[in-house]
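*Asks:* Below are the chains, spelled out letter by letter.
2 protein chains.
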Amino acid sequence: MISASPSGEQFVHIHRVCETIEEALEEAEAILITVPAIAHEYYAHACAPYLKNGQMVVLNPGSTGGALAFKKILRERGARMDVPICETNTLTYICRLVGPSRVKITSRSKVQFASLPGKKTMECYQIFKGLFPESTERKNVLETSLTNINAVLHPPGMILNAGWIEHAKGNFSYYCEGTTPAVARVMEKVDKERMAICQKLSFKSDRFLDFFYKAGSTSERAYQSGSLYQALQESEPNRFIRAPENLSYRFLTEDIPFGIVPMAYLGRMLDVPAPIINALIDLASIINGIDYWKTGWTLEKMGIQGMSLEGLLNYVENGISA
Amino acid sequence: MISASPSGEQFVHIHRVCETIEEALEEAEAILITVPAIAHEYYAHACAPYLKNGQMVVLNPGSTGGALAFKKILRERGARMDVPICETNTLTYICRLVGPSRVKITSRSKVQFASLPGKKTMECYQIFKGLFPESTERKNVLETSLTNINAVLHPPGMILNAGWIEHAKGNFSYYCEGTTPAVARVMEKVDKERMAICQKLSFKSDRFLDFFYKAGSTSERAYQSGSLYQALQESEPNRFIRAPENLSYRFLTEDIPFGIVPMAYLGRMLDVPAPIINALIDLASIINGIDYWKTGWTLEKMGIQGMSLEGLLNYVENGISA
Numbered sequence: 196m197i198s199a200s201p202s203g204e205q206f207v208h209i210h211r212v213c214e215t216i217e218e219a220l221e222e223a224e225a226i227l228i229t230v231p232a233i234a235h236e237y238y239a240h241a242c243a244p245y246l247k248n249g250q251m252v253v254l255n256p257g258s259t260g261g262a263l264a265f266k267k268i269l270r271e272r273g274a275r276m277d278v279p280i281c282e283t284n285t286l287t288y289i290c291r292l293v294g295p296s297r298v299k300i301t302s303r304s305k306v307q308f309a310s311l312p313g314k315k316t317m318e319c320y321q322i323f324k325g326l327f328p329e330s331t332e333r334k335n336v337l338e339t340s341l342t343n344i345n346a347v348l349h350p351p352g353m354i355l356n357a358g359w360i361e362h363a364k365g366n367f368s369y370y371c372e373g374t375t376p377a378v379a380r381v382m383e384k385v386d387k388e389r390m391a392i393c394q395k396l397s398f399k400s401d402r403f404l405d406f407f408y409k410a411g412s413t414s415e416r417a418y419q420s421g422s423l424y425q426a427l428q429e430s431e432p433n434r435f436i437r438a439p440e441n442l443s444y445r446f447l448t449e450d451i452p453f454g455i456v457p458m459a460y461l462g463r464m465l466d467v468p469a470p471i472i473n474a475l476i477d478l479a480s481i482i483n484g485i486d487y488w489k490t491g492w493t494l495e496k497m498g499i500q501g502m503s504l505e506g507l508l509n510y511v512e513n514g515i516s517a
Numbered sequence: 196m197i198s199a200s201p202s203g204e205q206f207v208h209i210h211r212v213c214e215t216i217e218e219a220l221e222e223a224e225a226i227l228i229t230v231p232a233i234a235h236e237y238y239a240h241a242c243a244p245y246l247k248n249g250q251m252v253v254l255n256p257g258s259t260g261g262a263l264a265f266k267k268i269l270r271e272r273g274a275r276m277d278v279p280i281c282e283t284n285t286l287t288y289i290c291r292l293v294g295p296s297r298v299k300i301t302s303r304s305k306v307q308f309a310s311l312p313g314k315k316t317m318e319c320y321q322i323f324k325g326l327f328p329e330s331t332e333r334k335n336v337l338e339t340s341l342t343n344i345n346a347v348l349h350p351p352g353m354i355l356n357a358g359w360i361e362h363a364k365g366n367f368s369y370y371c372e373g374t375t376p377a378v379a380r381v382m383e384k385v386d387k388e389r390m391a392i393c394q395k396l397s398f399k400s401d402r403f404l405d406f407f408y409k410a411g412s413t414s415e416r417a418y419q420s421g422s423l424y425q426a427l428q429e430s431e432p433n434r435f436i437r438a439p440e441n442l443s444y445r446f447l448t449e450d451i452p453f454g455i456v457p458m459a460y461l462g463r464m465l466d467v468p469a470p471i472i473n474a475l476i477d478l479a480s481i482i483n484g485i486d487y488w489k490t491g492w493t494l495e496k497m498g499i500q501g502m503s504l505e506g507l508l509n510y511v512e513n514g515i516s517a
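From first to last, the protein sequence lines are chains A and B.
Position 24 of the first sequence, counted from 1, bears residue number 219 in the working numbering, the numbering being contiguous throughout.
Position 81 of the second sequence, counted from 1, bears residue number 276 in the working numbering, the numbering being contiguous throughout.
Hints may be right or wrong, so weigh each one.
You can't tell identical chains apart in this list, so a pair holds if it fits in one copy or across any two.
[What the hints assert, rightly or not] Using 30 angstroms as the maximum straight-line C-alpha spacing, the simulated DSBU-like pairs for lysine-lysine come out as follows:
{"no.": "1", "residue 1": "Lys334", "residue 2": "Lys496"}
{"no.": "2", "residue 1": "Lys334", "residue 2": "Lys324"}
{"no.": "3", "residue 1": "Lys496", "residue 2": "Lys364"}
{"no.": "4", "residue 1": "Lys247", "residue 2": "Lys364"}
{"no.": "5", "residue 1": "Lys395", "residue 2": "Lys489"}
{"no.": "6", "residue 1": "Lys489", "residue 2": "Lys387"}
{"no.": "7", "residue 1": "Lys299", "residue 2": "Lys496"}
{"no.": "8", "residue 1": "Lys387", "residue 2": "Lys409"}
{"no.": "9", "residue 1": "Lys247", "residue 2": "Lys399"}
These are calculated hints, taken from the structure and not from any lab test.
Next comes chain A alone, as it looks inside the complex:
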């Protein structure tokens, strides 16, 4: 494994490679699950028999609702232990695979971190911040899940450029050319719907633009303008990233079912209208011929179906239903 930046290209030693999940988990203190959200269900089932008290799981990232869904599967599998399931709101590195065993890391992300149950967040964060000192802690996994910024950034561009992506097989600059004023307006609306859900849950989320600027992804001038369009036009790290070659790409296949679908369900549960989030999910489902309302994290899969607002806040704090 090669880390190319910021400290130059280097070989990264892996402490130990295991052949089975059982072996990998045996002596682990913190179990970082760094896979696309579509694989979380698989890993929950794979880990369930071997997790032990005193360990912690970290979904890196949890997308939207990852920790909730992971814990629900552990409960269903009858796991009795009390392992905190933590998540970050986005991946700890901005990186791309550039060849076999070669990863280019552009930057370390300032991720947000929380645990389910929320009452163990501080305890878990003490361990996590030893690995990722740039990270900050949030109260509970609703706060990390609802700051899944990929869910704001990716679906509008995919849907509003669906024809272009298919026709040109992705041969254009996704974030720069693909984010036109209309696309940016839809992103801003998704972001507002997301923030309205946060507000209903009694916490204040930064705007997408704030995260984007603080991560060093755009210029001071663009940030001051308050325009998401300008922020994407002036995003140096994103300037040359090509659009996906087709529509079966994680910007839809991950960020719809494990990004905006759980947000939409949370919005519905809390009576917060989210028409544009709903519209993107409906269109993505037709575009890819998959009912993302069913394949994504539903309230039932997240284990929070039928809860009141108070019940939900109690559950994420204590990890047990009242």
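Position chain B relative to chain A; hints supplied.
*Replies:* Just chain B now, with coordinates in the frame of chain A:
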């Protein structure tokens, strides 16, 4: 005015040019209003004082709900006369303005025709078919309004190519390059939602593909394939039509508020789900910064708010509420 095809280029004599609506309407038997739907409201107000019994109005085309909305305005203006308000489902010609006073007509359309009230459709059609013998009559204006095929054809391509249109300023072939498999799937879904509303109103509509083929717009092979994608790829008349230069074009500004918005309201009134039609309206509203749910033909503007299915069918047949 020059008609270029099918009979070659020729000068078209206009019988009489009037300076006022009053003068134009004075001796008219059939009043053809051939304007974009966005101007129907204006013409309803302008004509209201001068319409007389024995005349008929034809909205060419009525888009979706044009005749209903026109009649509602006449009622509000206190017009007491009993002038049938007719509409076609699409424009009587496929044509483009090619220069000052020059229009290129590619073909005459096989339009559908109906009157409000429906009980006068046959009487009015006798006059109309003298002008347009290729036309066919339908039972009432719900049937013409719900076969507004532009409403199926245009919005999906505009929304799913919004980024491309803005970036390239429309410099691609709209119907051919812009209709990729994903775009065609969304069109097919809009068409199914439209047909489900027709079914609830107890009439059977042809598919978009049937209209498109019968109009000579695609090949026999594409028609037999049943694929809307292939039908658009093999559409000779549409092959070289460029995409609009921006998103403030009638494919959205007309076909959303006077096309799929009234369809969506009818669907809601009749308990027919139309999620993709709704999604396109919501996205178009954000894209253009206009709430098309409000600016388009609502049930109230069409004068049918609060009617039951039976009440609605009675109204379109008799022109008066039960």
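*Asks:* Hints first: check each against the structure and report whether it holds.
*Replies:* A quick look at each hint next to the structure:
1. Lys334 with Lys496: Within. Shortest intra-copy distance 22 angstroms satisfies the 30 angstroms Cα cut-off; inter-copy 49 angstroms does not.
2. Lys334 with Lys324: within (15 angstroms within a copy, 72 angstroms between copies)
3. Lys496 with Lys364: The answer is neither: 34 angstroms in one copy and 44 angstroms across copies each exceed 30 angstroms.
4. Lys247 with Lys364: neither (47 angstroms within a copy, 59 angstroms between copies)
5. Lys395 with Lys489: Answer is both: 25 angstroms inside a copy and 27 angstroms across each meet the 30 angstroms cutoff.
6. Lys489 with Lys387: Both. Shortest intra-copy (24 angstroms) and inter-copy (21 angstroms) distances satisfy the 30 angstroms Cα cut-off.
7. Lys299 with Lys496: neither (34 angstroms within a copy, 58 angstroms between copies)
8. Lys387 with Lys409: within (19 angstroms within a copy, 46 angstroms between copies)
9. Lys247 with Lys399: Neither. Shortest intra-copy (35 angstroms) and inter-copy (63 angstroms) distances fail the 30 angstroms Cα cut-off.
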